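Asks: For reference, the chains in residue letters:
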Amino acid sequence: MPWLVAAVLIALVVWRMAYLHQVNPAFDVAFFGGAFLRSFQLGSLYALIALGYTMVYGIIRLINFAHGEVFMVGAFVAYFIFSRTPYTWPWAVLVSVLVAVGFMYVLGFWRGRLTDPLVLTGGALAFLASTLALRSAEYGWFWALVSSMFVTGVVGVLIDKVAYRPLRGAPRNSMLITAIAVSFFLQNFGILAFTNRQTPFRPDSFWTGFLQFNVPGGTLFTTWMVVLVPLVTAVLVIALTLFVTRTRLGRAMRATAQDAETAQMMGVNVDRVIATTFLLGSMLAAAAGVMWGMTFGSINQPAIFGILPGIKAFAAAVIGGIGSLPGAVIGGVLLGFMENFLTSLFPRTASFPGITEYKDTFAFLLLIVILLVKPSGIVGEDLSEKV
Amino acid sequence: MKKLFVLLVVALMGLGMAQDGPILVGVNLELSGRMAVTGNDTLYGIQVAHDEISEVLGRPVELSVCDNASTVQGSVACANRFVDEGVVGVLGSYSSSHSIPAAEVLQDAGIVMISTGSTNPATTQIGDYIFRIPYTDQFQGRVAAQYASEDVGAQRVAIFRQQDDDYSVGLAGFFQEAFEEMGGETTVVDFTANTVDFSAQISNLRAFNPDMIYFTGFCAEAASLVPQLRRQGFTQPILGGDASDDSQCPEGGGEAFDGFTFTSFGGPEILEGEAGERAAEFVEAFEQQFPDATVTGFTLSGADAYYVLMEAIERAGSTDPQEVRDALASLEGFPGVSGEITYVGTDGTPANRVMGLFRYDVSGDDWEKTVIRGISLN
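Protein sequence lines correspond, in order, to chains V and Z.
The working numbering puts the first sequence at residues 1 to 387.
The working numbering puts the second sequence at residues 1 to 378.
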């Protein structure tokens, strides 16, 4: 039955594309191909953000409304890193300390404790590498991405520690309101730290540069970002899946998601599991923030940068089934297609006003439809798959 | 008895204060939010003018600066605050969307308002207490259409319009009207405030195949839009309105803004003779006081709003709102730094404003604003 629905939908899309091409030859293969690639790119970004919502919800049943602002912090930290290279010594040391702490945190979870010799060595090496990189003049998107992920990861863990951990036993509404407070705090902190204005974001001319190639039936205009974004997303999602399924800490996460109390009784350090969840979710959001900036060439004012992407990624997590990792990815990509590919099937023509201007509506339209038809989301039914 | 005496003295002092105390002038501007850069440019202009003339009628002038945070609600809140404070006049705001609702409040309260940036015709039509420094979009749209059809030779123009802004919708409408009268063809592409992703709108544009693109919005969105247009292979010339006179455009959008043309207020480069000297003098004073800030048309406009209000108070000889308004309405040939200002026989929009056509030249991180030519209203 689902296959039949899919076949009918695809047939409808193909028919619509053929019809549009007949109306105006400018709607050619390249036009829809470009929309398809961009949908995938945008969907990947939503998926990365949605993973953070879904993981936190899976573990502590909290809709983390501050997650959109974590995404903002990720983008601005990266901007701060690459726009100021080469750094002066104090800045280089400060950022390197944060990167090293983040690195030790990740490694520490793996090894069990932070004073492990391997963890200390790793932290020292990360500190050295980061300082050297920040002091050198060339600091491209890759290092900006990696450093921003670690720094933002630390920010995420701090948010949990300061705002959510003291409220562990409190009613869930208190946590929800605290999340909103954290969101406003980060917005205003962003204005103070980065000034509230449109900021350029062009760390690399290769990936973000103008690109055109001929396809049968037209010219496709794009940038290499349509390749880079899904690629980085795929790598990160695979790494996350491996972490969750193959490591002890990942197993502890799944156990906590199923039943936190029992997991604790079985010897799982729940606080550490929750901190890891925030660390990973924030790192993914930071990666999304950096690539978002590269995709669109500039980043908004901090006050609004995270709001719309954050809410849409939240919708994506609910559409996919909140609490489920594959659900978040599916929901994100689906939302990207709704927003970009589907609206490109209804462009402005002489007789039709076009719906691209209202594309933000479709994210939420899809959310309503999914909630009506399948309230648990597309893949959200299987409770044992939480996390 | 002694208590009563003290009370009497205090009351008398209070009365004396009310007469010789500072004259309060409200400043309603976008100091944070998406239009913050232009709002601050305007405020700097007002501050330089305030430093030059800090006393009128023998009383010091005090600025009551209110940040409307680039929102309609903020602008109305500022207007209400000024009514409570009993200011003599209000300068600002920059955008039409924020000027119109504030004007409604101030007109009801009978307080003079001089908008520093609003170009939508509706603003001054709200009442007889509302004035402005710039021209209207009826003029700006016509000038832009003329430039598009004569200088660029465009036949088909795509207009990017910010749906939720009075200035943008108004300017797009006037341009469309004028350009279609000249025999051109247009299409309107809508977006809302804070849009970042223009990819769908841009790729749909390919079916229209424009010769030129006219952007009527603000730099908060243009900084995202213009690089995306260039990346999608649109090499057509882009023309902007006066809201593009904002350093966020070339700084946020980078080299994509190289060659971006826009219409804006006249500065020292455009004004001729005495007016030009006045403007150059002002710019010099400004650069001494704010070496890091840039002078835009809105800086000069802010300064002129202040000068004009001071002149009106001086001529009225009092701070009575009715008398200040009448003095303002009878102003003729006032030597401002953005050209001469005449309110006699107008609805609050000065007659004979000078407009300029500018271009951004960007290479790497450096950019400059070049004058193409000045345009007179006649």
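Please keep in mind that the hints were generated in silico from the structure rather than gathered at the bench.
Owing to the predicted nature of the structure, the values given are computational and were not obtained by experimental measurement.
All residues carry an ideal CB built from backbone N, CA and C; glycine is no exception.
Where hints are given, some of them may not hold.
Facing chain V, from chain Z, some residues (calculated, C-beta under 8 Å) [said to hold, decoys possible]: (1) F191; (2) S203; (3) C219.
Asks: Given S203(Z) as an interface hint, is the shortest Cβ-Cβ distance to chain V below 8 Å?
Replies: holds (6 Å)
Asks: Quick check on the hint: C219(Z) CB to chain V CB, less than 8 Å?
Replies: At 7 Å from the nearest chain V Cβ, C219(Z) passes the 8 Å test, so the hint holds.
Asks: Does the interface hint hold: is F191(Z) within less than 8 Å of chain V, judged Cβ to Cβ?
Replies: holds (6 Å)
Going through the hint list in order, the structure satisfies each hint without exception.
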